Every structure is written in structure tokens, then in C-alpha cells.
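Peer 1: Residue numbers (the working numbering), protein chains in the order written: chain A, 1 to 250; chain B, 1 to 250.
Just so you know, the hints here were simulated from the structure itself, not pulled from any lab data. Some clues are possibly wrong.
As the list makes no split between identical chains, a pair holds if one copy fits it or if it spans any two.
To be verified - Computed cross-link-like contacts, EDC-like style, restricted to lysine to aspartate or glutamate with a CA-CA straight-line distance of at most 20 Å:
id, residue 1, residue 2
1, LYS65, GLU53
2, LYS99, GLU144
3, LYS65, GLU44
4, LYS64, GLU53
5, LYS57, GLU44
These numbers come from a predicted model, not from an experiment.
Each chain, written out:
2 protein chains.
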Amino acid sequence: MENKKEIFAGIIIIGNEILSGRTQDTNTSTLSIWLNSLGIKVQEVRVIPDTEETIIKTVNELRKKYNYIFTTGGIGPTHDDITASSVSKAFNLTYGPHKEAMSILEKYYKPGEFNEGRKKMACMPTDANLILNPTSGAPGFNVENVFCLPGVPSILKSMIGGISHKLIGGNPILSQTINLRTVESEIAKSLSEVQTKNKDVDIGSYPFFRAGKLGVAIVLRSSDQNKIDQCNSEIQNFIKEKNIEVVEKE
Amino acid sequence: MENKKEIFAGIIIIGNEILSGRTQDTNTSTLSIWLNSLGIKVQEVRVIPDTEETIIKTVNELRKKYNYIFTTGGIGPTHDDITASSVSKAFNLTYGPHKEAMSILEKYYKPGEFNEGRKKMACMPTDANLILNPTSGAPGFNVENVFCLPGVPSILKSMIGGISHKLIGGNPILSQTINLRTVESEIAKSLSEVQTKNKDVDIGSYPFFRAGKLGVAIVLRSSDQNKIDQCNSEIQNFIKEKNIEVVEKE
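So that you can see chain A by itself, here it is in the shape it has in the complex:
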């Protein structure tokens, strides 16, 4: 297997509605699962308010730290949508109507309906690469390693497929889950020994409670299936010794 280096991403969730608790963010999970499948590991997520200074600072800090940055939210038509202008400032780029985006939206709306608010959705760094939106017309955009996506989960989901080819991933991150009918403290010591012997596998332990029964999901993550298999066999050994039941589902 070719030994590629690890590729890391950061996610910036922009929006007061997430910080106030009004809206439950689901975009982190959507983006992480998609990026994992491309061999890109999400290393950090920040949720920040619709404040220009904070957006500029966070984008500039994280874009230097990780291979790719994805922002969600703040690219709509209203006054609280300031992601496009803030990202322009972060990169010292001209913010204004983007020719291709204007042309897309002109065609998208009926004659006379391409009003001021809608024209704002075509404003961004004027040289940005567009991220096409098959759901509702208004595109996202990409500058260098920063990809700006909308906050509405269904629209975001429809757009990410269009940028997969622009991203260079590492080896895909593989995972295996072992669900056990036990409690964490019963297996903590043995699991810790397995982790010590298998440093390249990320072993997570997550308690669950379903249908009145307690259990633990052990998740093995690595880009090397052989290493996962080795870990798995060591875990199978100690669960047999301890007479712990393996269950199908959490």
C-alpha cells in the first residue's frame, strides 16, 4: 500500500443560531463522514458567531493549520450573512459580484425575480472558484484551501459531491466496531493494554443504553486494515476470557 501522509481538515460552523442552542448542528457529522471516506481526518471544529472579526481571525488561524477548511453558514441573502465578505477580507481579496455566479442566478430566477437580496448571493471574492448548488441555485465558493458552504443541511449535502474531486486525500480511514454487552469499567484495563500494544490504531470506547440494556461499542480506526485486524483479535481474546457477549447492534 502506498504510504501517503495524513491529511487533516478543520470545520468552521458559522451562526448565532447554533451558539444559542436554537438550531442543532448536523453539518459537522455530514462533513466528517464524507471527508473520512476521502481519507481526510477532521481534527477540529469551531462554532463561532456571525461576527466579521471572529470569522476573519478563525479562517486565517485554521487555514494555516490544516490541509483543508470547510465553513458552513452565512452565505444567504440577509444582513446576518457575512461569510463571503469576511472570507474576502481574510484573504485580502476583492468582494463583489462574481460573474459566473451572477450568470447562474440570472438564469435560475424568473425574469424580474433576481432582486437585490438574490444578487447578494452572487457576491463573494470575485476570483473564487464556485461550488455548484443543484438544490437552490446559489453557489458556494472556494479560495485556496477554504471551501465555503451553506448552513442548510439538505443544500450542503447536495453540494459536497461536487467538490470531492478537488480534494487530495490520504489513505481512507477504516473503522470496525465491536458491540459488547458489558460496562466500560469491566474492560477498561484489558482495552488499555491493547491500545498500548497497538499505538497506530485509534481505539475508542463508547457506552450505550438501548432497550433497557447497557453495552459498550469499541471502535477501531486506522488506515491499515491489518493493524485493525490485529487489534480486533487481541480484543476477541480478552472478551472470550471474560465471557462477555458480543451483540449485533448498539
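Got chain A; can you put chain B on it based on the hints?
Peer 2: Chain B in isolation, oriented as in the chain A frame:
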């Protein structure tokens, strides 16, 4: 009304399972809604991996930046639970068995069941204040302005009530939502004018789509009801002029 200063909080969600997309974080929303009710505004959320260096750095950066910090996750019995030891290092405090926590857990478990893994859950900064856990025994802890809570949402929910009295909030943040049968671009200009005239009210605009119909929820947030009322009446004026229907629910 007494004019208190604003009180800000940061949240640190600790856990590889959130970054991999395996688990959907819901603790941010739970904590934000609860903190809002106490007059504390969440200003930033960071999701970070189970890595000692990152936990120490993030706790030390944010605890100086905000009035209160809440961490979730990483206080269980397994090898990947390193929040308590990392927070001890962040504060340069001794990590070890906490007398009161040991005593609580000794009583919680049946004789002979207080094993090594469970004893780990009583290890933390030895002088920390405990956060009691009415659900599953193992307490969280508090050092200065940092409050460490578990990651399991139902357990976290059962514990936060016990720390409300330790927090000094500002004026409660009030909010009012106006749901309209329209699209954002139709109201963007008028709403922006209202925001310009009412700088102390945070006006958010959130498109929704339910039962096949599009709508926009306008959310007004401020600690001053009079300012919200003023904003609301200006919005009612422009929606009447535009003949936009107000709907009960999103």
C-alpha cells in the same frame, strides 16, 4: 432593570467520536439553552480530539477568554478518557484519587465491584469541587471557571441543574420568533434596515421548509424586552406593507 455586564461562556466538546462523525453532538444545544436561561451567552464551541496536548492548550486558551468554560466527554473509566488528567496539567494541579469522589463511588457500587476502572473515575485534580451525578454515580468536577461534564447526553442533562447556583449570570437573554410565509430575499433589505436602526438586538433570519412550504423564521434576541418590542413593531410594519403572511409554526 439593573444593568449587569454581559457574561460569556465557551464549550469544549472532547471526543474523537464527534470528529469522526460517528456520534452527533447534542450537548452544545443542551448547554447553550441552559446557559441562556441563566443570562450566559455561549460565544464559542470547539470540538477537539482525545489528545492531551490539545486539551491542555484549548482549556488554557479559552479559560482566559470567557467567564465560564464547560467541557464534555473524556471522564469515564477507559484509556481514551483523559480529560481529568489533562485539565489537572492545564492548571498545574495534582491528579489523583479525590477523597469525596472515592467515598461517593465506594457507596455507589456493591462490595467488590469498585474495580480499577471505576476508581479511575474518582481521579481528578485532588482539590477540585465535585459536580454530583444523580444518574450514574461518577461525578464531574470544577476548577476555577472550568466545569468538566461527561459526554453521555442523558447523564450531562441530569448534572447541570446542580451547578446553576455556582454560576453568576447577566440579564437573561430574551428571544422572540416571527415565522413568515416568504423567502429571505423578499425581506432581506427591510430586515437589514431594521437591524441598522436596532443595533442592540441580534436579528437572525433562518429559512425553513416544512410540509412542502418555504418560510423564514426571524429571531430577535436581546436582554431588553423593550428593544425586542421596538424591533418587532418595525418588522410588523414592513410585513403588512409587503402583504406577507405570519404563520404559527416553522
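Peer 1: Each hint needs a verdict: does it hold in this structure or not?
Peer 2: The hints, checked one at a time:
1. Taking identical chains as interchangeable, the C-alpha atoms of LYS65 and GLU53 lie at most 20 Å apart whether they share a chain (19 Å) or sit on different chains (15 Å).
2. For the homomeric pair LYS99 and GLU144, the shortest alpha-carbon distance inside one copy (19 Å) is at most 20 Å, but the shortest distance between copies (53 Å) is not.
3. In this assembly of identical chains, LYS65 and GLU44 lie within 20 Å of each other by CA distance both inside one copy and across copies; the values are 10 Å within and 19 Å between.
4. Proximity of LYS64 and GLU53 under a CA criterion of 20 Å is satisfied in both settings, with 17 Å inside one chain copy and 19 Å between copies.
5. For the homomeric pair LYS57 and GLU44, the shortest alpha-carbon distances inside one copy (15 Å) and between copies (13 Å) are both at most 20 Å.
In the structure shown, no violation is registered for any of the earlier numbered hints.
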